[in-house]
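Colleague: Position 29, counted from 1, in the first sequence is what the UniProt record's numbering calls 29; the numbers after and before it change by one each time, with no gaps.
Be careful, since some hints might not be right.
Simulated restraints on C-beta separations [to be verified]:
1) Ser-218 with Pro-26: 36 to 46 Å
2) Pro-152 with Val-96: 33 to 43 Å
3) Pro-70 with Glu-9: 16 to 26 Å
4) Ser-218 with Ala-71: 20 to 30 Å
5) Arg-6 with Glu-146: 40 to 50 Å
6) Ile-23 with Ala-71: 22 to 32 Å
7) Pro-5 with Pro-142: 12 to 22 Å
8) Ile-154 with Ala-71: 23 to 33 Å
9) Ser-218 with Pro-142: 44 to 54 Å
10) Asp-42 with Lys-93: 12 to 22 Å
11) Ala-56 with Arg-211: 19 to 29 Å
12) Glu-158 with Ser-59: 30 to 40 Å
13) Asp-44 with Arg-192: 36 to 46 Å
Treat the hints as calculated values from the structure; they're not laboratory data.
Quick caveat, the model's predicted, so the values are computed rather than measured.
For every residue, glycine included, the Cβ atom is placed at its ideal position computed from N, Cα and C.
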Amino acid sequence: MRTWPRTPEEALATQEVLRSRLISAPGPAEIDTVAGLDVAYDGDRLGAAVVVLDYADLSVRDTAVVLGRPAFPYVPGLFAFREVPALLEALEKLTVRPDVLICDGHGVAHPRRFGLAAHLGVLTDLPAFGVGKTRLVGEFAPVGEERGDRSPLIDAGETVGAVLRTRARVKPVFVSAGHRMDLDSACRMTLRLTPEYRLPETTRAADRACRDLLLRPSGAGRPGTLSPKGTH
DNA sequence: GCGACAG
DNA sequence: ATCTTGTCGC
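Between the sequences and the hints, there should be enough to build the whole structure, so can you do that?
Modeller: Pasting the structure below:
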């Protein structure tokens, strides 16, 4: 990954190669920590964040952020090439190795079955799945109104994900497996991570972290980093 | 030709 | 993603 695709054609070729390394398997039997990943934008800059939470009580175990630039223009279906470099950089700064990656986007609920969650899963070889806020591909029957109700997301005749209601009477989310992960485990984890809000606590924590980074690129607040003189 | 199209 | 007012509810 020292080189990076510069055109949609190159990105498609890279996607095809990486896709061959995608592993379809049950999720981890034991889960201690889960990581949420997200990116925020500000003009031509971006802030990426990874926040590791304790799966038992959802407390924060570790946080890593990185400032960067989009690595590719936004093209539906090639979205991962835009954020992956910065997210990998943030993952490398973690001191805690998460058991599962939870991405803000789709896993195999993608035109070529290789969305952001699948992409990051393959590159790190960590179990991963995606929780998207809107649909990319697939059709689905209306979802029940209660929390936990779900409807299969079907594309080209195959089930690629689930439309899951995480809060009663609130717009559902799109869950799909990424790497070393099965759909039922992904849905079960998503429900456990949404005790109060529509989106997983992992996503919410990462969203806050990367937005905060864009507002204060100084690094103040992290242990071991001194605030610039005059800040106080 | 007219939509649809993760973030 | 981001741009944005008012409005409903706890």
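Colleague: Does each hint fit the structure? Answer for all of them.
Modeller: Now the hints, each set against the structure:
{"no.": "1", "hint": "Ser-218 with Pro-26: 36 to 46 Å", "result": "holds (43 Å)"}
{"no.": "2", "hint": "Pro-152 with Val-96: 33 to 43 Å", "result": "holds (34 Å)"}
{"no.": "3", "hint": "Pro-70 with Glu-9: 16 to 26 Å", "result": "holds (19 Å)"}
{"no.": "4", "hint": "Ser-218 with Ala-71: 20 to 30 Å", "result": "holds (24 Å)"}
{"no.": "5", "hint": "Arg-6 with Glu-146: 40 to 50 Å", "result": "holds (47 Å)"}
{"no.": "6", "hint": "Ile-23 with Ala-71: 22 to 32 Å", "result": "holds (25 Å)"}
{"no.": "7", "hint": "Pro-5 with Pro-142: 12 to 22 Å", "result": "violated (39 Å)"}
{"no.": "8", "hint": "Ile-154 with Ala-71: 23 to 33 Å", "result": "holds (32 Å)"}
{"no.": "9", "hint": "Ser-218 with Pro-142: 44 to 54 Å", "result": "holds (48 Å)"}
{"no.": "10", "hint": "Asp-42 with Lys-93: 12 to 22 Å", "result": "holds (20 Å)"}
{"no.": "11", "hint": "Ala-56 with Arg-211: 19 to 29 Å", "result": "holds (27 Å)"}
{"no.": "12", "hint": "Glu-158 with Ser-59: 30 to 40 Å", "result": "holds (38 Å)"}
{"no.": "13", "hint": "Asp-44 with Arg-192: 36 to 46 Å", "result": "holds (37 Å)"}
Of the numbered hints given earlier, the model fails hint 7 alone.
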